[in-house]
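So the chains spell out like this:
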Amino acid sequence: MSEHRGTVGGPVLTEWFATSNLHELAVYESLGGYAALRQVLTAMTPQQVIDEVKTSGLRGRGGADFPTAVKWSFVPRDHPGPKYIVVNADESEPGSAKDRYLLENSPHMLVEGAAIAAYAIGGRDAWVYIRGEYDLPYQMLKDAIAEAHAKGYLGDHPFGSDHPLDVRLYRGHGAYICGEETALLESLEGKRAQPRSRPPFPALKGAWGMPTAVNNVETLSSVPWIIRHGGAEYAKRGTEKAKGTRMVTVSGDVQRPGNYEIEIGVTYRQIIEELAGGARPGRKLKVFWPGGSSAKVLPASMLDTSTDLDGLKALGTMGGSGGIIVMDDSHCVVKGASRLVRFYAHESCGKCTPCRVGTNWAVRTFDRILAGQGSQIELDLLDRVQQGLQGGRCLCGLGDAAGWVIQSTMNHFRGEYEEHCLHQTCSVEGALVNAGRTP
Amino acid sequence: MSALPSHVIDEIKALPARYPQPRSAVMPALDLAQEELGHLTPEAMAEVASALQLDPGYVEGVASFYTLFHLEPIGKHHFYVCTNLSCTLRGAEEIVDRLRSATRVTEPGQVSADGLFSYEEVECMGACEYAPMCRVDHGYHYDLTPEKVELMVAERRSAPQAPASGKQKHV
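Quick mapping for you: the protein sequence lines, in order, are chains A and B. In this text, residue positions in the first sequence follow this note's numbering: the first is 615, and each later residue adds one. In this text, residue positions in the second sequence follow this note's numbering: the first is 642, and each later residue adds one.
Hints are computed from structural coordinates only; laboratory data are not their basis. Nothing here was measured: the structure is a model prediction, and the numbers come from that model. The C-beta atom is built at its ideal place from N, Cα and C for all residues, glycine as well. Take the hints with a grain of salt, since some may be wrong.
[What the hints assert, rightly or not] If you want a taste of the chain A side facing chain B, the calculated C-beta under 7 angstroms gives, among others:
1) Glu705
2) Ala711
3) Arg714
4) Gly746
5) Trp822
6) Gly866
7) Gly879
8) Arg953
9) Phe957
10) Asp994
[Unchecked claim] DSS-like mimics (lysine-lysine), calculated; alpha carbons at most 27 angstroms apart, straight line:
11) A:Lys819 x A:Lys805
12) B:Lys789 x A:Lys805
13) A:Lys756 x A:Lys805
14) A:Lys850 x A:Lys927
15) A:Lys756 x B:Lys654
16) A:Lys927 x A:Lys855
Pulled out of the complex, with its shape left as it was, chain B reads as follows:
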């Protein structure tokens, strides 16, 4: 029984041709695997390695280096909360506290019992003018307050489908 469905393996095998050297395909391939499974299991990484003709240890070495690859399970809605200086100066600690109580997830790495939520505190995500901010479901959310966080969690708990992306400010 393989971890990744054959259509994903086929997509991964098509990746190396896009780059001047095939090794560059490793991160886009891990992306596809993670998108499929939610996180990168050892079996999935081994299958990525086999599809790209790379050493499994090498692939795991790459995956474990980068923050956005998850080697442990995460919730359906994983909150990346910035707690770097600009966000902390504007209340990031309160945001994390409210997120914890609203999701009933008490520490990073934990997933809520219903599988919906998890979070981690991350470094600067490059939206310091809107601090405090977070990223969830492939979108940024700006000028957070504890009340906004509570609402974001409630929306995701009640809706079968999460909002596809965050607040989008172009100017």
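Bound-form chain A, shown alone:
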């Protein structure tokens, strides 16, 4: 079901995915795996690694879109004591499954990328914080790390060099907030996962108080290819400002849900209609979330929007973590938004008042609307609450994301909201009964 198509210059991440047993070191290596780590350790300085990644234009694929090489260069070279790479494998943005897909297909690709990153910042250990529900990817990563140690590719003298490298695993235990880097660091330190105030930024004071760069699974998985082929080759893919390829997960009301590697710059129409097969027979696409549930929705009339990040930014939305959720005309936008708002309320860590109180306020308002008790008051209230959730009032973006769901669905589908609130009906899914079931 999941496949890689849509790359003009050829795939990067999924290049070898057609080969069976790619998760075994011997297979991975026979195709060229670990050549990049060998090259880095035997023939490149850390600065040359950073420069190569800088040339590639690679940016963070966890959602923040920050240039990877710049993030690495923030880690102070001359800091005494340990410096860490922390891999964010806590994928939990609704609609995003691509990191799981990469890990299940090619765990060595992440191990190699994480080791290269640790070398680039002058560190020894890369800690992979992997979500607790990912039993299979965890086991596969554990096996891959053991294989790499047995071969002498990790350890005190990887590839005979004098730069010790290791990749370590830490399991999460179910908290969306851990996708936020400072909450993840708190959790890694054995605490409740609540975001930290910044500064200090993780580059100076991150994991266990040491300089740290936090990178996403997909970001680091792209690094071995960049080293093997050169940053310039990677930069030939994509658009002027957004280089390379990226993974997207398409889910919801489409014929072929799946994970696809795309060249940045293709349109959502190409992804949703060509790769994912478009709407099911007799149905019409209505709305899509272009980059996880935290990206503002776009109506189907905007399917020709490019995946180019600046274009999305101009529309006030984002490519985020690449999770594209598609909804057709058989589903109610108000109910969909309500489900997502409930998610944000559940996952709010409770530290900042606007998010803790605002998301719950929104949930109760949606519950009234879906129970047929809506009115102009609820419409106005939702508008006030979404404004209160936004605007950088909190330590992290969770509250903002909840606000964006409400704001963008109300903006594009005001008619559906008015129908629910002013006429107590839903022309899409019928009677308003018990739509706000409590999980």
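Fit chain B to the given chain A structure using the hints.
Showing chain B alone in chain A's frame:
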């Protein structure tokens, strides 16, 4: 009478050395305790705290923050059913309904009379391309239908040992 057997306490005491700072051992330690007992009792959390030289309240504070730590009893087979948007669009509500009727567990938090089953509705578990999906017995189960759910429950009811893991798709 202690809640945790001494070999588990010994394993927990060995954990802090693995991390740059000992506090990081709290979640792996709670994992071991939960694996042993099925869920985290106040006594077990206190023993974890004592083994790690942490405050009991601190340990409970961590345990209560995360979804995967259970402070109340759960069934031998605990179903985590995703009801987030992608799964709901493809029928997660029907999956939950069928799970309820098949296990005769009517609400989250309840355990079936025979102790075999419990469930909870959870947020996105990162397998949206296979929606609707669930996790049970440390494995993912994909492209669920009410019929599949019925079968999964029946298999677990009849077998003395549950299947060790779920359907594993590598591609």
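To test your reading of the hints: which numbers does this structure violate? Those not satisfied are hints 7, 10 and 12.
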